[in-house]
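Protein chains: 2
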Amino acid sequence: MDTIDSSDVRRRIQAVHDTMYVLSGKWKISILASLCFGVKRFSEILRDVDGISGKVLSRELKDMEMNLLIKRTVLNTHPVTIQYEITEYCDMLIPIIHNLSEWGIKHRKKIIER
Amino acid sequence: MDTIDSSDVRRRIQAVHDTMYVLSGKWKISILASLCFGVKRFSEILRDVDGISGKVLSRELKDMEMNLLIKRTVLNTHPVTIQYEITEYCDMLIPIIHNLSEWGIKHRKKIIER
Numbered sequence: 001m002d003t004i005d006s007s008d009v010r011r012r013i014q015a016v017h018d019t020m021y022v023l024s025g026k027w028k029i030s031i032l033a034s035l036c037f038g039v040k041r042f043s044e045i046l047r048d049v050d051g052i053s054g055k056v057l058s059r060e061l062k063d064m065e066m067n068l069l070i071k072r073t074v075l076n077t078h079p080v081t082i083q084y085e086i087t088e089y090c091d092m093l094i095p096i097i098h099n100l101s102e103w104g105i106k107h108r109k110k111i112i113e114r
Numbered sequence: 001m002d003t004i005d006s007s008d009v010r011r012r013i014q015a016v017h018d019t020m021y022v023l024s025g026k027w028k029i030s031i032l033a034s035l036c037f038g039v040k041r042f043s044e045i046l047r048d049v050d051g052i053s054g055k056v057l058s059r060e061l062k063d064m065e066m067n068l069l070i071k072r073t074v075l076n077t078h079p080v081t082i083q084y085e086i087t088e089y090c091d092m093l094i095p096i097i098h099n100l101s102e103w104g105i106k107h108r109k110k111i112i113e114r
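Protein chains in written order, with full-length UniProt numbering: chain F, 1 to 114; chain W, 1 to 114.
Quick caveat, the hints were computed from the structure, so don't treat them as lab data.
Be aware that one or more of the hints could be misleading.
You can't tell identical chains apart in this list, so a pair holds if it fits in one copy or across any two.
Subject to a maximum C-alpha distance of 20 Å in a straight line, what follows is the list of computed EDC-like cross-link-like pairs (lysine to aspartate or glutamate) [stated by the list, open to error]:
# : residue 1 : residue 2
1 : K28       : D18
2 : K110      : E88
3 : K28       : E85
4 : K26       : D50
5 : K26       : E113
6 : K26       : E65
7 : K109      : D91
Just need the whole structure built from these sequences, with the hints factored in.
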């Protein structure tokens, strides 16, 4: 990274903080990671994200919808189907989540080798 | 992202969790973000990371050194100088942190426009 003045360094570090705040909490990034692999129904997200309860998942989905991270679509099927997807606004997060996953896989190997 | 079977989705989500665990806590990612801009002394990191105290910074640096995230070098100057840098192992985190920063800057604009 090019050398830049300290006020810009602080602004960029604050921006990292802002993103981490949006992605904070135990479940948000796992839900986003699940939706990185495509449009999903509630039950599919529940299956993907180890350890989350239905009650917590519905609260998190409401919060993420309010924060423009995900989009909820109600399909006119019988019975009604509700599906969730990452909003266009959040597309930029997909490579971040992909990189986080890659690093995590390498990190786990490294820790096991120690 | 290509469609992949659900056990691999869960493995990748777990890997995202592992990375977020390593980067968790209020300060780690900000300290890494500061070091993304080059080798730094203790006082420089303290200036970069808004709100952190000297005591907390030294504890975090010890923990990050133990987890192979950063390297501490003692220079034979008068007085002695100690500098910190990101380990090669962590180089892959730099683009992640850079993307987190970019997204945070856009997110802040979006929230202000709402």
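Verification of the supplied hints:
In the homo-oligomer, the alpha carbons of K28 and D18 lie at most 20 Å apart both inside one protomer (14 Å) and across protomers (14 Å), since each shortest distance falls under that limit. In this assembly of identical chains, K110 and E88 lie within 20 Å of each other by CA distance solely across copies; the values are 13 Å between and 35 Å within a copy. Taking CA atoms no more than 20 Å apart as the test, K28 paired with E85 passes inside one copy only; the shortest distance there is 13 Å, against 30 Å between copies. In the homo-oligomer, the alpha carbons of K26 and D50 lie at most 20 Å apart inside one protomer (11 Å), although the nearest pairing across protomers, at 24 Å, exceeds that limit.
Neither within a single protomer nor between protomers do K26 and E113 lie at most 20 Å apart by alpha-carbon distance, with minima of 27 Å and 28 Å respectively. Within a single copy, K26 and E65 get their C-alpha atoms as close as 17 Å, which meets the 20 Å cut-off; across copies the closest is 25 Å, which misses it. For the identical chains of this complex, K109 and D91 are inter-copy neighbours only, at 16 Å across copies versus 29 Å inside a copy, given an alpha-carbon limit of 20 Å.
Consistency with the previously given hints fails for number 5 only.
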